[in-house]
Amino acid sequence: MAEKEKKESLLSRLGESQVWKSIIRSGVPRSRRQRMYAVLGNVFLHLHPARVPKHAVKIGYTWCMGGLSFFLFVVLTITGILLMFYYRPTVEYAYTDIIDLTEQVPLGIMRELHRWGAHAMVLTVWLHMLRVFMTGSYKPPREFNWGVGVLLMTITLFLSFTGYLLPWDQLAIWAVTVGTNMARAHPFIGHEGPGASLLAIGDINLVHMGSDVRFALLGGRFVGEATLLRFYVLHCIAVPFVAMIFMAVHFWRIRKDGGISGPL
Amino acid sequence: MNYIKDLFDFLSAPTISFTLLTVAFPFIFPPTDWFDKKNKQWGIYKLWTNKGAFWIFMSITFFFIIGYFDPYFNLTMTKPDNIPIILMIYSMIFVIWLGMKKAYNNDARLDRGEKPEEWNDPDDKVLVWPDLVYIELIALILFMVFLIVWSILIGAPLEEPANPAATPNPSKAPWYFLGLQEMLVYFDPWLAGIIFPIFIIVGMMAIPYMDINKKGEGYYSFKERRVGYFIFMYGWMVLWVFLIVIGTFFRGPNWNFFGPFEWWDPHKVVPLTNVNLSEYVWVKLLNKGLPTNIIAREAVGFVAVIGYLFIMPLLLAKTKLKNLFEHYGPVRYSTLMLFGLTMFALPIKMYLRWLFNLKYIIAIPEWFFNI
Ligand code: HEM
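Residue numbers (this note's numbering), protein chains in the order written: chain A, 1 to 264; chain B, 1001 to 1371.
Any given hint could turn out to be false.
[Claimed, not checked] Only pairs whose alpha carbons sit at most 25 Å apart, straight line, appear in this in silico PhoX-like list of lysine-lysine:
| # | chain 1 | residue 1 | chain 2 | residue 2 |
| --- | --- | --- | --- | --- |
| 1 | B | Lys-1040 | B | Lys-1223 |
| 2 | B | Lys-1215 | B | Lys-1040 |
| 3 | B | Lys-1115 | A | Lys-54 |
| 4 | A | Lys-256 | B | Lys-1215 |
| 5 | A | Lys-58 | B | Lys-1215 |
Calculated directly from the structure, the hints in this document are not laboratory data.
All chains, please: the whole structure from these sequences, using the hints.
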């Protein structure tokens, strides 16, 4: 008993100290007022409102899937940064770098965490979408945020797809070859797509193997060195950047649409 | 045991399994009173009870246990990149079960004139600190533990170094795109790879504007939104998730179908006897050669496609769906029809292929325009 009192006083003394207060801005949240302030006064927590309806905190309502999708995005960013220390996106090094980073790097499960995390994120995003459908949470005023969500799902799939190429093994290049072969059939801008032959000046075809949308995606006529670099940049910079913007909008709109949905 | 395996092999052929699912679906998620009556009569709603969950869980697990000890299925099942699909099967079904259970519970409450279970007095809120943040923290830690255990147990796959000269057979896209790859069996790449994905994305974004039923917002419910529910679940679970399962587990070399317990014979010969609609009409029916004029040759196909996508909704708007049309207005009605009919074009084409060996409805390879 005496010990507990001592601890508490240590805690509260810490909570009242200048250092703590300069960082956290409020004392240890004990009173109702302080607890609300702990959320409002913190840049990360103030994503939340200070108070939410009772059903909103139940696992059974949201299954936590939106939150876990975001959490996985953070995990993937962190493990991805660690992987970037070791990985060079060239045909010469990519494959051996992957072997090195599993075999030479201590506690080398970064690649596993990153890969399984990516698969898991596809799943959590799908489950999140299912729950949003099943609770009818896409109905007004949340139509727009559902749309943002659909784009987020597309972005998640594209992120996963661009990352699939980077190990530069058989699995990687053939999966990406199969996937990007679709692009040649794009109407008008793929060289084997309907309407592509209409885009011509006289006899000169504007859309051919060396100029169509697949060529732009791959940086060449087949999956090669340029594709690896392109996918690397897309995977590490471009797509995460877009994803972050859409997530910001998504989270902001949840608040603006009146917080988590619920029965009236 | 072999008998059971043969049965599974037989049942999982797309023609059989897809048909079974499609026929069973309206009874599981009844969109009309008639189906609802049958659902009650046959006790299908009992799927959404704890007992139902037990049986669903046991049958899936039974399948995977047999599969695990089968030398052929073991190869596909234990591929590290296929683990997520097994997780997907369990988690999707669990989550739908849970949602439906809550929905039926809420439906009963609404019938009794009560509020849904999620309802609370708006003034009676809880504080985010600590009531929400501690749940988030626990969820995050548990999930991280799960991820770490998964990562320690199963190594990320790495095959031979990339070799552009050695095409593996089958070459598969990443698992979440296998539904699209499966559509390639029935449609050309410009449709299955480009138009359909665009329609899926735009169509999904359009859902809140097409479903103007105001009921059932913010709580689990089924009865109040059963038509929308049925269409969404059919599109998502059958035309997307189930096709992924087929693409992963039942497609072997040359994208031929193999039952789960069959050996992936790379030399399996499947006769290609598919015939275009134009050939059916001009050669088989009229006993003439194909006309040289492309438009004349494919005229029947054009009539069929335009009739299906544009004329039929127009006629329906005047007759059977008159009420819907008046309720929705022209723009909303045509959007719903365009996306809905495109979605159902997939199963329709599948059955045309299976029943009549129909290859293309419109076949203009000269323009890369095949439907
Ligand atoms: C990277 C992907 C995504 C992330 C990180 C994300 C994150 C979140 C979070 C944290 C919430 C709060 C409630 C909850 O956890 O369920 C939420 C709500 C919501 N999300 Fe997402 N989401 C994503 C994708 C999607 C998708 C694919 C859809 C739909 C197609 C969607 C539609 C919505 C809607 C409509 C809400 C409001 C739900 C309500 O008020 O009940 N989101 N999202």
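Hint consistency between Lys-1040 (chain B) and Lys-1223 (chain B) [alpha-carbon to alpha-carbon, up to 25 Å]
13 Å, holds
Decide if the proposed pair is consistent with the structure: Lys-1215 (chain B) and Lys-1040 (chain B), CA atoms, cutoff 25 Å inclusive.
Given that 25 Å is the threshold and the Cα spacing comes to 23 Å, the pair holds.
For Lys-256 (chain A) and Lys-1215 (chain B), compute the direct alpha-carbon distance and say whether it is at most 25 Å.
21 Å, holds
Given the hinted pair Lys-58 (chain A) and Lys-1215 (chain B), is their Cα-Cα distance within 25 Å?
22 Å, holds
Lys-1115 (chain B) paired with Lys-54 (chain A) [C-alpha distance capped at 25 Å]:
At roughly 15 Å apart (the allowed maximum being 25 Å), Lys-54 (chain A) and Lys-1115 (chain B) satisfy the hint.
This entry satisfies every hint, going by the numbered hints stated previously.
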